[in-house]
Amino acid sequence: MSHTFQATNKKVLGVLSISAETKKLEWTPVSGDRAPINVNLANVTNLQATPENSAKIMLKIVAGDDPSTFAFSNRGTMIECRDVLQGLVSRARREASNPPPSATGDGSSTPATATPPPKKEEKKVAMDDKSLLADFQLQQTLLKESKELGKVFAATVIHGGLKPEEFWSIRVHLLRAFALTSNQKKGPYNVLSTIKPTTGSDNTVNVQLTPEKVKDMFDQYPVVQTAYDDNVPRLKESDFWARFFQSRLFKKLRGERITHKDPTDPLMDRYLDDEYDKEAALAAGMPDKVHRFVDIGGNDSQAGSESFGNRPDMTMRAGSSGRDVVSVIKSINRLSERLAQKSEAPLAEKEYGTLALADLQGETGAEYVPLQVRQSDTNGNKKDSDGDVDMTPLDAEACKEYVHSQYDNPVSLASLVHDDYSADYAQAWGNVQGAVNQQKGSWETVQESLMDPKVLNDLLVVHTTTIEFLRHFWHNFQEGSAECSSMANSLAKCIKRIDAAVGEVKDEQQHKLAVGAMASVKTSIHHALKEYDIALRG
Amino acid sequence: MNAIDGTSRQLKDTEDQTLDDTPSLLSIIIDAHVPSWEEIKSQISISEAVASILVFINAHLALHNSNSVNVIGYNASGARILYPPKSGVESTRSKEREERSESVSDGEQAPSKKDHSMYRQFKTVDEVVQTELWNMLNHTNYVEEEKQHNSAISGALSLALGFINKHVFVDESRMRARILLLTVGHKNETIQYIPTMNCIFAAQKLKIPVDVCKLGPGSDQVFLQQACDSTHGIYMDISEKNSKTPKGLVQYLLSGFISDPSLRPHIVLPTQSNVDFRAACFLTKQVVDIGYVCSVCLCIMSQIPSNRRCPTCDTTYSEKTLAGLGRKPLKKKKKKVVKP
Ligand SMILES: [Zn+2]
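In order, the protein sequences belong to chains A and B. The first sequence begins at 5 in the working numbering and counts up one residue at a time. The second sequence begins at 317 in the working numbering and counts up one residue at a time.
It is worth saying that the hints were derived from the structure and are not from the lab. Careful, some of the hints might be misleading.
Said to hold, decoys possible - Derived, one-sided and incomplete: chain B residues facing chain A with beta-carbon distance under 8 Å:
1. P351
2. E364
3. V371
4. A375
5. W450
6. M452
7. G564
8. C610
9. C613
10. L638
11. L641
Claimed, not checked - Derived coverage of chain B by chain A (criterion: at least 3 residues anywhere in the stretch with Cβ under 8 Å from a Cβ of chain A; other residues may be distant):
12. 472-486
13. 551-563
Think of the CB as a built atom: it goes at the ideal place given N, C-alpha and C, for glycine as much as any other residue.
All chains, please: the whole structure from these sequences, using the hints.
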């Protein structure tokens, strides 16, 4: 496959041809005695095009320290030439850094590897506590992103008087996680799966296409680019796409099965042929030699299960139905591989090798870390060691006697039922009913007549704030920090805040619910303050 | 009676529990710790309790002809399955028992009296359970047993879950299952926290309700309450401590615990509403208000372990972290709030 363009070099008109096979750019003058220019694409270090608003339409190709400039008659040609060059140059460079494996006879052990694309420069984000705590921008974004956290921040820092540093000091892990997630970039995706042609009312097919999508399509499906290159000047661009999206080729690339009902299109159907795809496969850097372990073709030379009369696997069967499926599988596989190569973190060669091999193995069970739960005898039974529980010595004889007497005088089942309905039974029934009523009561109050959403919301805010202060209190408490006293004050304020919030609920039923809802957090505060008191005095 | 009707409540988790004709398996765990029974003999005798349980079992069997039952006994020295019997054991034991009862009494009061009018399935269960239970009660060395403080409740629960797993889940018999634990409980009883919690989680996962009926004076069994709460079982404390009495046990069983798992979503259960959710310290086995939690395995401690290692996962805690937990001027070292 080669591309030719008309281009002028140093005022001499010539033909610029770019060949994918030889990976060379060649410019030959139409006339005159100027020597042709040859550039090895792998050596190209820079491509420069004149800006859109410039009157000149030129492309500068820098290979080594010898730049050559070509002028074009129209911008479209130049852009096309530039795009072709860009694609081929990067491919040539990739291959140059990873030369294709040389054939060393049959059964060479060249592993099937992906060629890692050149590493992009990564923006390093500092992940240590100090820089995370100092990154106000990050904190602001996180607060905006997470509404819940924003609410807590507003209640505690803005209205509650907590220092922002304090607030973040116990949330460094959130900052770190957020910094990591927000620095992640989306990898390449299968572009055809995002294109969904819709049929309009006038029976026309509508497709939303953006320049990015077209570029991605060319990138991911070289056969589309080939088809486009071959036809577009002849065919109107819009016609080309219209025919493409209705073609069998489109269906095939999307991994759908082609049926005889699908319309044929001689122009597009040419590209269904594997010839075009094979080229794409080669261009994508498929190795000629496959590791024997994963070499399915190698199965032929071995006594496989087929020689024992088994039908070959579906993917190994020749024939019309099988080939469709196989080519779909192949093209999807190729695409996956290409996408994987383009993703930000390319697999190292070794990893890729293990992946390819591990892929063929069965599932491995989950691994667990055994926890050794020891029954510590030393302090297991506090009652024994302290001896503070007075153990009445066991009267083994009495027990024995009791069992024997019981054994000898069993209660007959009939006597349980035959007796008059005794007071015990009545009481038992009463107790069961009581429990049911109590359950029903509590169930009704909690579940059926829910709290007023406004009340609930107010209480939630107070509750979150209180929990926040409790966290800081205990944090400071253990560290023995001087901040502890101010936190204790804040806790005292929290009680007032809770009381105020509960007091505002006027409805009797709602008030009761509110008191109940806030009871446990109040207990926690009182407990904390008590501990603080003891610690201060002790 | 209308109070029981809870059909007004939302029927959640009931999509897979259509009210069909599915039989159910009842696994009853009976406390066979003799000193505990001896302690409450003024309120309920062991044989009355046994008779009550048998009536309950018969009632369960009568509800559906494919209903089945599994009975497990436990004391401090261990737990074992009393019913169904191991094949072969049944005949010899009941024969032995028959001979014995004839030699001791005139045989008329013995539960194995030859009452041919009784439904055969009832009779088999009654005889085997009684024989095996008395056997367990008689052959226990009470003095040796008393040295053990850990009760075998977790062991009994494991047996019950194992039985249910084998007969319901492995055999795919399309049965529902539930566990009823009848515990007396004694003062010095310590329930093993981790094994019991593991059983609870297993039951919760398999959607097996665990019901608990507590008869005796033992301390409040926090974990058993949690077991009932998390498995949607019924917890009833009918001991004197709860100002009730285990007299009339059969009435409690028949009115409180008979409801089939398939009915449970539709009725209000006579269970206790306020459950204590606190956990026990792994070191001292005491229920804790405020304690430390291992950041690796979530093991709960009420104090910093003396060897500075996690008692469960053996993680060595860094000196820095530990130092941060007990700085001056505040001497007390407590962490995380566990809300009741
Ligand atoms: Zn641990």
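Okay, the hints, checked on the actual structure:
1. Interface restraint check for B:P351: the shortest CB-CB distance to chain A comes to about 5 Å, inside 8 Å, so the restraint holds.
2. Annotation: B:E364 was flagged as interfacial toward chain A, and the flag holds, the nearest CB pair being 5 Å apart, inside 8 Å.
3. The restraint placing B:V371 at the interface with chain A holds, with a minimum CB-CB distance near 6 Å, inside the 8 Å limit.
4. This hint is violated: B:A375 has a C-beta 11 Å from the nearest C-beta of chain A, more than the 8 Å allowed.
5. This hint holds: B:W450 has a C-beta 5 Å from the nearest C-beta of chain A, less than the 8 Å allowed.
6. Here the hint on B:M452 is broken, as its CB sits about 10 Å from the closest CB of chain A, past 8 Å.
7. Because the beta carbon of B:G564 sits about 3 Å from the nearest beta carbon in chain A, less than 8 Å, this interface hint is met.
8. With a least beta-carbon distance of about 10 Å to chain A, the hint placing B:C610 at the interface is violated under the 8 Å criterion.
9. At a threshold of 8 Å, the smallest CB-CB gap from B:C613 to chain A is about 6 Å, leaving the interface hint in force.
10. Nearest Cβ of chain A to the Cβ of B:L638: about 10 Å, over the 8 Å cut. The hint is violated.
11. A cut of 8 Å between beta carbons decides the hint on B:L641: the least distance to chain A is about 5 Å, and the hint holds.
12. Counting residues of the segment 472-486 of chain B whose beta carbon lies closer than 8 Å to any beta carbon of chain A gives 0, which falls below the threshold of three, so the coverage claim is violated.
13. Judged by the Cβ-Cβ criterion of 8 Å, the segment 551-563 of chain B is covered by chain A as claimed, because 5 of its residues qualify and three suffice.
Hints 4, 6, 8, 10 and 12, counting from the list given before, are not met by this structure.
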